[in-house]
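Below, each chain spelled out in residue letters.
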Amino acid sequence: MRASDDLLMAAIHSASEELSGKGVRFEVFARLGESVRLSCGASGTLERRSSREFGVGCRVSGGGRAGFGAASGGGARAGRAAARAALGVMLPAGDPIPPRSVLGANGTSLSHDFPDGEKLAAILGDVVARVSGGRHGVTPVQARVLAGTSAAALATGEGFHALATAGGAVMELLVAPPEGPWRHFHFAAQAVLDLDPAAIAERVLETALLATRGRQPERQLADVLLAPPVAAPIVEALVQYLTAASDKNREVRVSGAWHLTDDRLGPEGLLPIPWDGEGLPARRIELIRREKVGERLATWELAHRLGGRPGGAVRPSYRHPPAAGPANLVVHPDPSTTQSNLLGRLANGFYLAVPAGTVRVDAAEGRFGVHAAAVALQDGKPAAAHPLVELRGSFRRLLAGLLAVGADSESFSLGCAVTTPSLLVRRLEIA
Amino acid sequence: MERDQPSGLAELAAAVTRARVPGLEDLYFERRAESLWHLAAGRVVAREASLHEGAAARRDGLLLSGDGLDRTVLAGLLGIASRSLPSFSVPHFPEPPSLGDALSEPPAGWTGVRWRWSWAAALTGRKAVTITRPQLAEVTLADGQRALFCWPPDAGTLPESPVGRTVDDARPGKARVLLAPAAAAVLLHELVGHPLEGDLLLHGASPWSGRIGECIMQLPLSVTDDPTRFDLPGGFSSDDEGTAAAPRPLLAEGVLAGALADRRTAERLGVEPGNARRAGVHSPPRPRISNLLATANCALPEPPRTDAAIEVLALASGTLEPASGLLLLRVRTAFSLRRGTRRRVLAPFTLVGTVASVTGGLLAAAQPSDRGAEPGWCAKDGEVVPTGGLAPWLLIEGLEVR
Numbered sequence: 001m002r003a004s005d006d007l008l009m010a011a012i013h014s015a016s017e018e019l020s021g022k023g024v025r026f027e028v029f030a031r032l033g034e035s036v037r038l039s040c041g042a043s044g045t046l047e048r049r050s051s052r053e054f055g056v057g058c059r060v061s062g063g064g065r066a067g068f069g070a071a072s073g074g075g076a077r078a079g080r081a082a083a084r085a086a087l088g089v090m091l092p093a094g095d096p097i098p099p100r101s102v103l104g105a106n107g108t109s110l111s112h113d114f115p116d117g118e119k120l121a122a123i124l125g126d127v128v129a130r131v132s133g134g135r136h137g138v139t140p141v142q143a144r145v146l147a148g149t150s151a152a153a154l155a156t157g158e159g160f161h162a163l164a165t166a167g168g169a170v171m172e173l174l175v176a177p178p179e180g181p182w183r184h185f186h187f188a189a190q191a192v193l194d195l196d197p198a199a200i201a202e203r204v205l206e207t208a209l210l211a212t213r214g215r216q217p218e219r220q221l222a223d224v225l226l227a228p229p230v231a232a233p234i235v236e237a238l239v240q241y242l243t244a245a246s247d248k249n250r251e252v253r254v255s256g257a258w259h260l261t262d263d264r265l266g267p268e269g270l271l272p273i274p275w276d277g278e279g280l281p282a283r284r285i286e287l288i289r290r291e292k293v294g295e296r297l298a299t300w301e302l303a304h305r306l307g308g309r310p311g312g313a314v315r316p317s318y319r320h321p322p323a324a325g326p327a328n329l330v331v332h333p334d335p336s337t338t339q340s341n342l343l344g345r346l347a348n349g350f351y352l353a354v355p356a357g358t359v360r361v362d363a364a365e366g367r368f369g370v371h372a373a374a375v376a377l378q379d380g381k382p383a384a385a386h387p388l389v390e391l392r393g394s395f396r397r398l399l400a401g402l403l404a405v406g407a408d409s410e411s412f413s414l415g416c417a418v419t420t421p422s423l424l425v426r427r428l429e430i431a
Numbered sequence: 001m002e003r004d005q006p007s008g009l010a011e012l013a014a015a016v017t018r019a020r021v022p023g024l025e026d027l028y029f030e031r032r033a034e035s036l037w038h039l040a041a042g043r044v045v046a047r048e049a050s051l052h053e054g055a056a057a058r059r060d061g062l063l064l065s066g067d068g069l070d071r072t073v074l075a076g077l078l079g080i081a082s083r084s085l086p087s088f089s090v091p092h093f094p095e096p097p098s099l100g101d102a103l104s105e106p107p108a109g110w111t112g113v114r115w116r117w118s119w120a121a122a123l124t125g126r127k128a129v130t131i132t133r134p135q136l137a138e139v140t141l142a143d144g145q146r147a148l149f150c151w152p153p154d155a156g157t158l159p160e161s162p163v164g165r166t167v168d169d170a171r172p173g174k175a176r177v178l179l180a181p182a183a184a185a186v187l188l189h190e191l192v193g194h195p196l197e198g199d200l201l202l203h204g205a206s207p208w209s210g211r212i213g214e215c216i217m218q219l220p221l222s223v224t225d226d227p228t229r230f231d232l233p234g235g236f237s238s239d240d241e242g243t244a245a246a247p248r249p250l251l252a253e254g255v256l257a258g259a260l261a262d263r264r265t266a267e268r269l270g271v272e273p274g275n276a277r278r279a280g281v282h283s284p285p286r287p288r289i290s291n292l293l294a295t296a297n298c299a300l301p302e303p304p305r306t307d308a309a310i311e312v313l314a315l316a317s318g319t320l321e322p323a324s325g326l327l328l329l330r331v332r333t334a335f336s337l338r339r340g341t342r343r344r345v346l347a348p349f350t351l352v353g354t355v356a357s358v359t360g361g362l363l364a365a366a367q368p369s370d371r372g373a374e375p376g377w378c379a380k381d382g383e384v385v386p387t388g389g390l391a392p393w394l395l396i397e398g399l400e401v402r
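Line by line, the protein sequences are chains A and B.
Position 293 of the first sequence, counting from 1, maps to 293 under the working numbering, and the rest follow consecutively.
Position 146 of the second sequence, counting from 1, maps to 146 under the working numbering, and the rest follow consecutively.
Calculated directly from the structure, the hints in this document are not laboratory data.
Be aware that a few hints might be false.
[As the list claims (entries may be wrong)] Beyond 12 Å from chain B on every Cβ pair, some chain A residues (computed): (1) Leu38; (2) Glu47; (3) Ala66; (4) Leu91; (5) Gly134; (6) Thr139; (7) Val141; (8) Ala244; (9) Ala384.
[As the list claims (entries may be wrong)] So the derived list for chain B, only partly shown, Cβ under 7 Å to chain A, looks like this: (10) Leu99; (11) Ala102; (12) Leu141; (13) Gly144; (14) Arg402.
Note that CB positions come from ideal geometry on N, CA and C, so glycine has one too.
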């Protein structure tokens, strides 16, 4: 047993002890996360952070009341504090805690080594040197690399107990092209050594120089090819929307090109884990397939109340109770479609290479918007560069208008893990 | 500044000094309590509570942080034996307030109210400084938008909701725009506040780098960062490095007059520190905005609606792109105006301008300078701190509707 397991067990034990005999059903979740982050600014100064986050979240239910409490701090003390906090905020509500009979684990966690700071610094330095060198005029403004591991434990008052580990690495670069807006790049991998400095630098330079100057396009409806960094946050927003949408808004026309899953079990995607946020065994959830919106992501309580299957809960932090949401999204690629095929099919439209800022969502209207660097194509050839365009559209149109997907899948660590290839979509609004 | 003798923090600071930890810059502690009420149709349907505590040490350019606030955690961060540290105490987590006492009837359009209390301390050398901040109220609206107040939440300062009214698209192109105080506060936050943060000034990530002392606008607008305003969400008694809070003039009648600095940037900028803020124990202190207060000489007594084509009540967000100087304001609530009268509700749109076009296009300011719900949570490199703002109405030309 590792030291992290000792800490998790101490927290689970103290919370369970606090809650036993109180006449409530309960669930205790504890997580220990350790990470190293290095960042390098324009001055070349290396800023280093090493953090250790530990906390406990408790759900309690009994007598027609339920509550949630969380606490951070030392193992046993945090467990007790979270348990007391949960008991202190119970209000009339249905029982949200799944029964023991549906809980379990599917598969095993991958083992992750704690990141080596020296290796991280070497990778960061390598990327910065590659981006800085040459006569292209691109300057790194800031480069960051973050790597970490986490261990989580879940236990219920009915005797269920499960452990899981996870890990990953993220590199972000903010670069200044010789002119035009600064560009932000994001790369994610399951381990530090999977970050390839040469490939990262090549991608950054190629994309940063793509649309450095140009005029604003007229507002229009146009076909768009979304490169993976632009597609990923839109896919995440789409799934968040579909998770909360009414049944009527989920019954829409869907292009046959869509195949989107929440691949919690892996091996696809960035972040497989053996159980969901409530301790239900992980499984692949078909979200969009065969021209239909598929299963709705649901917690046990939601599925029980509204119908459907549970197993779609996530718990991004011990601070929050489990909620329905995506964990490890995968847009399945079409191995036969190269990027030149996609550009050929685009003919007239816009290629959106890299996002500028986050995706904005109007959940009530079912619409989204994002800024990005773009190149306009006419007759399949680049016609104009646009440093900053705004892409807008409705999720309904996005679902119906997907013409094709590429084979160039990339993974991103956003609000959840997203792995997607390029997406070719008909008639979205460019402004 | 408040010294906390009875808590043992001063003795702890002395012990840390005696331990001679190599390269130690400072120690920071924080305790935070939150309570969240989930609302539906004006009723509380669920509650959550959370208690957080942690500490951080800056040593040799490394930020080491950990959850927990006891001698073992501190000793681990400092790399010393825990027996070399004296016992100390920190304030108990307070009981959350009663939502019913604060708000007899939550508006039907609210989906959540969050209360936040925090206490912090900074230990630098032999000095221990406790940091107090206002209790916060964060309101979540039905469309997911969040608004931030000092506790208790005030339904009266939220912009009116246009839901259910006819919606038109704003006509693309240049427009003369009237920004209500809450929206004007966001504009000034992006245009004046962020670009005068010391780290951005020093890294060349600000259009105002090397321009302190220059007049940047004809409108005689003055802007001060004021953390001493405890009626606004960005207030604090001392900054997160332990420097006592004080108002900091940033713009004096259109002239760039100052910068926001932490200890690392203050010397290089030739200004006093006092603006260091952390998003939590796991984030380092950086120069950040607290509460931006804007006033204008010769402000008009009434908003000049007859001179504008669009009246913007609320923004969803604002962004200044430092290299191109492009300012993007995402409009959430706005009306088209005709002869000074509101005609139609406008669907959300984006206002775009350059720093030069916006500063040059500020035509007039008008009373009242009013406290709105914005600016709220301010993110910088993903690190979020609460901020406040007070601004007059602003009339601007040169912004483009997209």
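Now the hints, each set against the structure:
The claim that A:Leu38 is not at the interface with chain B is violated, since a C-beta of that chain comes within 12 Å of its own (minimum 10 Å). For A:Glu47, the condition that its CB be more than 12 Å from all CB atoms of chain B is violated, with the nearest at approximately 7 Å. A cut-off of 12 Å between C-beta atoms contradicts the statement that A:Ala66 is not in contact with chain B; the least separation is 7 Å. Non-interface call for A:Leu91 relative to chain B: violated, since the shortest CB-CB distance, roughly 5 Å, does not exceed 12 Å.
In this structure A:Gly134 is separated from chain B by more than 12 Å, as the shortest Cβ-Cβ distance comes to about 19 Å. Residue placement check: A:Thr139 does not keep its beta carbon more than 12 Å from all beta carbons of chain B (closest about 10 Å). The Cβ of A:Val141 sits about 7 Å from the closest Cβ of chain B, inside the 12 Å cut-off, so the non-interface label is violated. For A:Ala244, the condition that its CB be more than 12 Å from all CB atoms of chain B is violated, with the nearest at approximately 10 Å.
Every CB of chain B is more than 12 Å from the CB of A:Ala384 (nearest about 17 Å), matching its label as outside the interface. The closest approach between the C-beta of B:Leu99 and any C-beta of chain A is roughly 11 Å, which is over the 7 Å cut-off, so the hint fails. The interface hint given for B:Ala102 is broken, as the beta carbon of that residue sits about 16 Å from the closest beta carbon of chain A, more than 7 Å. Checking B:Leu141 against chain A: minimum C-beta separation of about 10 Å lies over 7 Å; hint violated.
Here the hint on B:Gly144 is kept, as its CB sits about 6 Å from the closest CB of chain A, short of 7 Å. A least Cβ separation of about 5 Å between B:Arg402 and chain A falls short of the 7 Å threshold, and the interface hint therefore holds.
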